[in-house]
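Visitor: Sequence:
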Amino acid sequence: MFKKLVNKKRLNNEKGLTLIELLAVIVILAIIAAIAIPAIGNIINKSKDRAILAEASNILAGAKIAYADGVCDGDTKACDESSLKDFVEGVDLPTGTKVTYDKTKKEWSIKYPRFEDIKLPDYEMTDKTTTENELNKKLTKAGVKTEASTGGSGS
Numbered sequence: 001m002f003k004k005l006v007n008k009k010r011l012n013n014e015k016g017l018t019l020i021e022l023l024a025v026i027v028i029l030a031i032i033a034a035i036a037i038p039a040i041g042n043i044i045n046k047s048k049d050r051a052i053l054a055e056a057s058n059i060l061a062g063a064k065i066a067y068a069d070g071v072c073d074g075d076t077k078a079c080d081e082s083s084l085k086d087f088v089e090g091v092d093l094p095t096g097t098k099v100t101y102d103k104t105k106k107e108w109s110i111k112y113p114r115f116e117d118i119k120l121p122d123y124e125m126t127d128k129t130t131t132e133n134e135l136n137k138k139l140t141k142a143g144v145k146t147e148a149s150t151g152g153s154g155s
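Just so we're aligned: the sequence shown equals residues 1 to 155 in the UniProt record's numbering.
Calculated directly from the structure, the hints in this document are not laboratory data.
One or more hints might be untrue.
To be verified - Restricting the straight-line Cα-Cα distance to at most 30 Å, the calculated cross-link-like pairs of lysine-lysine (DSSO-like) are:
{"#": "1", "residue 1": "Lys-128", "residue 2": "Lys-111"}
{"#": "2", "residue 1": "Lys-141", "residue 2": "Lys-48"}
{"#": "3", "residue 1": "Lys-111", "residue 2": "Lys-141"}
{"#": "4", "residue 1": "Lys-64", "residue 2": "Lys-105"}
{"#": "5", "residue 1": "Lys-119", "residue 2": "Lys-137"}
{"#": "6", "residue 1": "Lys-46", "residue 2": "Lys-137"}
What the hints assert, rightly or not - Here are the simulated distance ranges between beta carbons:
{"#": "7", "residue 1": "Asp-86", "residue 2": "Lys-106", "range": "22 to 30 Å"}
{"#": "8", "residue 1": "Asp-92", "residue 2": "Lys-46", "range": "16 to 24 Å"}
{"#": "9", "residue 1": "Gly-70", "residue 2": "Thr-126", "range": "17 to 25 Å"}
{"#": "10", "residue 1": "Val-144", "residue 2": "Lys-105", "range": "42 to 50 Å"}
{"#": "11", "residue 1": "Asp-86", "residue 2": "Glu-116", "range": "34 to 42 Å"}
{"#": "12", "residue 1": "Gly-143", "residue 2": "Ala-33", "range": "26 to 34 Å"}
We treat Cβ as the ideally placed atom computed from N, Cα and C, and that holds for glycine.
Construct the entire structure; sequences and hints are all you get.
Guide: Dropping the structure here:
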């Protein structure tokens, strides 16, 4: 009987969290949020930038197939978005997208308007045009495996 009385008295003395303890927990959570939110923002921007670079790589691959099929324009060997639409799936081709092949330099280049949407300085393009080699370097820097980085020919 005495134990019941002691246990009941202990329960009556339980008060829960004080206002100071509650404020301390809220401050700690706010500090964690302040640290985590910018990090998450950078992760989101990096993934969007990597997606744009990967899309450009897919467009280049489609242009190579279009070039082999003789779909691209005559001497300049340029493929615009209307020529590429049948060779690239899953990528919205904005107006102004163009892939060219320079026979003398043996170099592919792509003009892709979505390059303007790249936010992180590691992947920025000075204009909306880049060569295949530069694109592969940026993809490799972003952690995306490319044909060039895995030992393929790259062209």
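Visitor: For each hint, tell me whether it holds in the structure or not.
Guide: How the hints compare with the structure:
no. : hint                             : in the structure
1   : Lys-128 with Lys-111             : 5 Å, holds
2   : Lys-141 with Lys-48              : 15 Å, holds
3   : Lys-111 with Lys-141             : 20 Å, holds
4   : Lys-64 with Lys-105              : 16 Å, holds
5   : Lys-119 with Lys-137             : 17 Å, holds
6   : Lys-46 with Lys-137              : 15 Å, holds
7   : Asp-86 with Lys-106: 22 to 30 Å  : 25 Å, holds
8   : Asp-92 with Lys-46: 16 to 24 Å   : 21 Å, holds
9   : Gly-70 with Thr-126: 17 to 25 Å  : 32 Å, violated
10  : Val-144 with Lys-105: 42 to 50 Å : 24 Å, violated
11  : Asp-86 with Glu-116: 34 to 42 Å  : 26 Å, violated
12  : Gly-143 with Ala-33: 26 to 34 Å  : 27 Å, holds
In this structure, the earlier hints numbered 9, 10 and 11 are contradicted, and the remaining ones agree with it.
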